[in-house]
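**Student:** Protein sequence lines, in the order shown, are assigned to chains A and B.
First residue of the first sequence: 1, per my numbering; consecutive thereafter.
First residue of the second sequence: 1, per my numbering; consecutive thereafter.
It should be emphasised that the hints constitute simulated quantities derived from the structure, not laboratory data.
Treat each hint with caution, since some may be false.
To be verified - Each pair of labels, with its calculated beta carbon distance range:
id: 1; chain 1: B; residue 1: TRP117; chain 2: A; residue 2: ALA67; range: 39 to 47 angstroms
id: 2; chain 1: B; residue 1: GLU6; chain 2: A; residue 2: GLU59; range: 21 to 29 angstroms
id: 3; chain 1: B; residue 1: ASN118; chain 2: A; residue 2: ARG64; range: 45 to 53 angstroms
id: 4; chain 1: B; residue 1: ARG136; chain 2: A; residue 2: GLU300; range: 55 to 63 angstroms
id: 5; chain 1: A; residue 1: SER14; chain 2: B; residue 2: THR31; range: 26 to 34 angstroms
id: 6; chain 1: A; residue 1: ALA23; chain 2: B; residue 2: ALA152; range: 56 to 64 angstroms
id: 7; chain 1: B; residue 1: ARG116; chain 2: A; residue 2: ALA67; range: 53 to 61 angstroms
id: 8; chain 1: B; residue 1: MET1; chain 2: A; residue 2: LEU206; range: 52 to 60 angstroms
Ideal placement from N, C-alpha and C gives every residue a C-beta, glycine not left out.
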Amino acid sequence: MDVLPNFSVTHAASIDDIVRARAAAPDSRLIAGGTDLMVNIRRGIVAPSVLIDVSQVAELRTIRADADAIELGAAVTLAEVAAHPGVQQHFASVAEAAGSIAGPTHRNMGTVGGNLCLDTRCIFYNQSEWWRGAINHCLKTTGAICHVAPKSRGVCFATFSGDLAPALLVHGAEVEVGGPAGRRIFPLERLYIGHARQDRPFSETLGDGKSYLGLRPREFVIAVRAGRTPGLISGYDKIRIRRSIEYPVAGVAVALRRDGPAFADLRIAFTGTNPRPVLLAGTETLRGRSFDEESRDRLEALVRDQVMSMKTTFTPGHYRRRVASVLARRSVARLFERGESD
Amino acid sequence: MTRVLEIELNGERRADPIEDNLLLLDYLRETVGLTGTKTGCDGGECGACTVLVDGVPRLSCLTLACSLVHRRVETVEGAGADGMLSAVQRGFHEKLGAQCGYCTPGFVVAATALLRWNADPTDDEIRAALGSNICRCTGYVKIIEAVRHAAALQSKGVRARVARPGSC
């Protein structure tokens, strides 16, 4: 690790403090747990002149969950989310996702906002300065090509690995962000723009592994909220090279509702596969069907079409896609069975 | 920017001038001189630098010292008292929970936090609580045994005086 660059730290006490501090230092970054940002600073990937510590902003520390709705402030820690009885009982995918991130000490530090905005990852990016320099850097930093896909024509394929995003996406969550122009609320799915399309120009809604968040300059996440659909049960599962600390090879959140022997509703979201968390499109075609052989085949086809298989980690790309498929099938089967008894 | 860090460290109040970009790990090792807390991976992957902040385990290699004003920090040096080992330290000592010993301070601190809120943890709970710490020597079997032994010692209220290094 490199010696820390010089920066100053501002301790914010309110949302307005954050907006003001960001206006005063455009290259500033928000910090709470530091488990993502500090590592990148130490690796010389980013060098902000000002860090804004938001961990004590009261409004960002809101945590509420009951039979009707969930609200998580950006500075709530992952350990707090995982241990909250309301989250465990009514938004199981969120509690399970939060409780499976990194290791216990990391979860005491890492926060909801940090995990939702987690920097995308790649074996050519999450390396020391000299390692990256030895291959002329990569597209996500200062280099000219993507080493994962050298013919990518300017598109970065770094992978989004946050676990909370898919767990909240299957509950139809909305995110509230703040910035110089005030606050806005929009579907959480629109926070993630890492579509990595080579055939379309990048825009505010279309980015890649480098430009992966749909936030305007100096905007930041305040909270994420979701209502509860009656009868919907959810869960989260992931596969890692080892069962602690490691980022996921693939993670899947599933939420479903059963009507007798058939699906009444099915939502599946992935992380660790694409430059954005993927809310699987086309699952409504399984509505009215039981989880039989053909449903499994249809599900596998959806995963195959929408989950990427770029080699951004140590495992081969096709392995990651197969893991995603198996995880989805396993999680849907588990919840489908449980849905019967509920 | 330089500021004064007022902090409670192992039960003692301190005030030290520090820079904003000083890590808690470097504050402990370089400024205060408490070198029990180890620098391992230096990037939040190994847990050797684990300390308690207000009783909760944190990675000091990723924590800024200036964000801990008036907070309570405990390091491995605060585990024992009056020349006596704590139950957790004695557990590691008696059950050979350390080999090279480099990861041990992190394990002792994480296990101390565990036994405070759960005096009689199952093996699974021990494994889960130590999930952020890596040991490359022991294979973890002895460490789990050490924590289990520590829980038994703690329930009996046992402390132990151990010979100083070099006196045997």
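**Student:** Can you give the numbers of the hints that this structure goes against, from lowest to highest?
**Tutor:** Failing hints, ascending: 1, 3, 4, 7, 8.
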